[in-house]
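Protein chains in written order, with the numbering used here: chain P, 1 to 487; chain W, 1 to 487.
Simulated from the structure, these hints should not be mistaken for laboratory data. Please note that a few of the clues may not be correct.
You can't tell identical chains apart in this list, so a pair holds if it fits in one copy or across any two.
Claimed, not checked - For lysine-lysine, the following DSBU-like pairs were computed, each having C-alpha atoms within a straight-line distance of at most 35 Å: (1) Lys385 - Lys6; (2) Lys385 - Lys366; (3) Lys278 - Lys486; (4) Lys6 - Lys366; (5) Lys43 - Lys269; (6) Lys366 - Lys278; (7) Lys265 - Lys40; (8) Lys486 - Lys43.
Quick caveat: nothing in here was measured; it's all calculated off a predicted structure.
2 protein chains.
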Amino acid sequence: MGNQVKINIRGIIHILGIVLVLEGVFMTSCIIVSMIYHEKDIKTFFLATTILLLSGLVCWKLTNTNRSKTFGIRESFIIVSLAWFLMSLFGAFPYLFSFSIPSFTDALFESVSGFTTTGSSILIDIEALSHGMLYWRSLTHWIGGMGIVVLAVALLPFLKIEGVLLFNNEASGIMQEKLHPRIGNVAKRLWIIYVGLTLTETLMLWAGDMELFDAVCHSFGTIATGGFSTKNKSIAEYSSYVQYVITAFMILSGINFTLHYFALKRQFKKVFHNEELKYYLLFIFGFTLVITIQLFSRFHTGLEEAFRRAIFQVASIITATGFATDDYLLWPNLSLLLIFLLMFVGASAGSTGGGIKVIRHVFLFKKIRASFRQQMHGTAIIPIKINNNPADPRIVHSVLSFIAIYLLTFLTGSLIMVFLGVDFHTSIGSVITCMGGIGPGLGDVGPVGNFSGIPQTGKWLLMFMMLVGRLELFSIFVIFTPQFWKN
Amino acid sequence: MGNQVKINIRGIIHILGIVLVLEGVFMTSCIIVSMIYHEKDIKTFFLATTILLLSGLVCWKLTNTNRSKTFGIRESFIIVSLAWFLMSLFGAFPYLFSFSIPSFTDALFESVSGFTTTGSSILIDIEALSHGMLYWRSLTHWIGGMGIVVLAVALLPFLKIEGVLLFNNEASGIMQEKLHPRIGNVAKRLWIIYVGLTLTETLMLWAGDMELFDAVCHSFGTIATGGFSTKNKSIAEYSSYVQYVITAFMILSGINFTLHYFALKRQFKKVFHNEELKYYLLFIFGFTLVITIQLFSRFHTGLEEAFRRAIFQVASIITATGFATDDYLLWPNLSLLLIFLLMFVGASAGSTGGGIKVIRHVFLFKKIRASFRQQMHGTAIIPIKINNNPADPRIVHSVLSFIAIYLLTFLTGSLIMVFLGVDFHTSIGSVITCMGGIGPGLGDVGPVGNFSGIPQTGKWLLMFMMLVGRLELFSIFVIFTPQFWKN
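Produce the complete structure using the sequences and hints provided.
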């Protein structure tokens, strides 16, 4: 009541400045790509990079005060939300300046979709874009994916927000096994894993029937679980070798990056005893099995083809990548329904993947099992164990609330879309695919469709959904609560 | 491990015997109806009643031992589940013996639908049935509705199952305001309210354009929130006066019967301060408002007609009655979606209505609000208040688990239906309408459709869904857990 909150605005602007400068540095690589292909977009990128770097530098340097003084939860929430929005806003400039996407709404949509690693596109003809622009599109995925991993695994645990399930990490019980006590080191190691995975995939794709340029772009899209392709037909354009390589790397990218680190350090015990990984793989192979059988029996394809189509699409949806080799809307009902349900599953915490995340479902399942036992014994609340450690009841609460808020947000979003006149399937499909950061949805926005036909207001709603989903709801929603602005 | 549980089987059979005898007593009234209309079904009912009374008496009298000795939670769960199943099984005999419904599956479906007060029907031509049979059909609703109210408000709180959300009552926070310390008295008062509401509605309908017979049957269907009509066109057959009367009584029947009792005793404070009632009415009028506006603007009807159609359907779905004046499948998308969402809302705890129940949503909303506050303050779990009393955290847990299990059951059921080859809309529509005890669903089982086209296995699944939904999940599911059979 009345007690106005003091927010460290200078500190916020300072950090956002750094973020923009980093984005600018990344964008300079687009100038090089444009130079290689002798494209006129070189001017576009030069202009956009200049604006970006200047804005960033101004914010960064003019606020270089003692920002550690009053830097708390509020500031973190605001920075995280604004960082993704500002990156997307500046990231839309190349599309606009080059007239590749002349509408502001559409350009911002494509940019938000990129940085949130969603991969939903308003483009009808992707191949009409210049190399520089295609590269920037995929690069936005890569930046966004890197950002989310660093945020989830390295930065947030150090903010010491107790009992708060701000990001995945605390839910996964991995807090006890901190990578390394220093942010800088952790971020560096993550960076090495991230770049390492990207390079390996690029080389493997290049070794197949992909050109180097496409291999780089698709690797960006895979490791970030983004889903923008450089081809209109997405991965259906390529050989089964390429499809298997991308499937493998999608699955790898949906695993908690902490586990990659443990694997690199040959601490395999920690990897194999991780419950989330177990269930994540169980989901993938379970769904793949059922869909393979159905595709095999209905479409009279070879067993290998049925398996390849099934596992590619399952991996693409569960990790929220969104690449396509197939139009799953044409699949038999049960398989289609399974794909739709997968959109609510999500990948692992601490990965680049989106959605609700497997660990939260594990919590939910265990909670339900415990409630049956409670029902019989009628005693105190039975604690839940994750990775053999009892879970903090506050985190269990947060997880259950998260799932509830997620579903409510999905419902509300779908209702608004229907209200805007969008048909039922397209409504629910577009909302869940944007919230989950997946890419393709149902109806008009299926794997062979695109988001150009969604009404203007709907596109803004979907942008909001992408940001809200990527930043795990709370960080954005909490800013809109009155409590946030009270002491 | 290994400790075999001793279950008081004699006690269970004893009580089930009493239940069957009671059902038999009710069924004798069908003989009278058949006599009045000089129908040949008189023999059918005579035979069915005899079998019922004999079976009941045998079970009752041959087990007349000291049953209070070891009578615990397990026995209660088993009795509740078996009671509804056995009532339905014996209740199907009249349909079978008279060849009104020659298929056993169909006859049982109609009977389960009756006793669970669902109102989903496999009949294509309802008006082809005899008066006796139509009366029995509606009477099964009335028996089922009475059973659920007595169970929820009178019997279960006395079983002293601590921390268990077996039935609605404990969730509604009404435990603290027990009606009266003695089961017999409470049951008697509920009986009076139940009969009183039924009589009042019958007279009011009869005063309109309904014949006495139809007025009685429709009152049975309304007060029990069942939904079986005696007419193929359901309530669309009747005047707007009748439609308003039925709307009012549907809304009344969806209110906790404890509140009716308080109202009768002129303790209006307790009624007006009840949070569930507030939100229940809010849901009804909120949804009605939006749908009225949409129907008014789209269909160019009068405002009164738009309002009447909207509130009738909203009341019918939220209370899980399922009467129809309209085919909501032809409504604009947003209104249809709202109707679908209402299927997940449900009526009040301690009423005859079905579904998840408003009180559980109130818990969920409050829990979500608290989790936002927790997010900001990062301290201990913030307690939730219902009716200004802090809610037991164990109950909050139970409620959240209930909602999760409800949605999971819905998803699993829908998947099985799709797997059986039923189309997507019919699948989700039939499963939710049967779980919620509503009646009409989506697709082929909409307000003007029926359940005759559902495959055989699907009908059995839906019967299971009706029982599971009516008995609030736990009581049935818990029997299938290994813990149940361990000491």
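Hint check results:
| no. | hint | in the structure |
| --- | --- | --- |
| 1 | Lys385 - Lys6 | between (39 Å within a copy, 31 Å between copies) |
| 2 | Lys385 - Lys366 | both (8 Å within a copy, 26 Å between copies) |
| 3 | Lys278 - Lys486 | between (42 Å within a copy, 29 Å between copies) |
| 4 | Lys6 - Lys366 | between (41 Å within a copy, 28 Å between copies) |
| 5 | Lys43 - Lys269 | neither (52 Å within a copy, 74 Å between copies) |
| 6 | Lys366 - Lys278 | both (15 Å within a copy, 34 Å between copies) |
| 7 | Lys265 - Lys40 | neither (46 Å within a copy, 84 Å between copies) |
| 8 | Lys486 - Lys43 | neither (47 Å within a copy, 75 Å between copies) |
In summary, the numbered hints that this structure violates are 5, 7 and 8.
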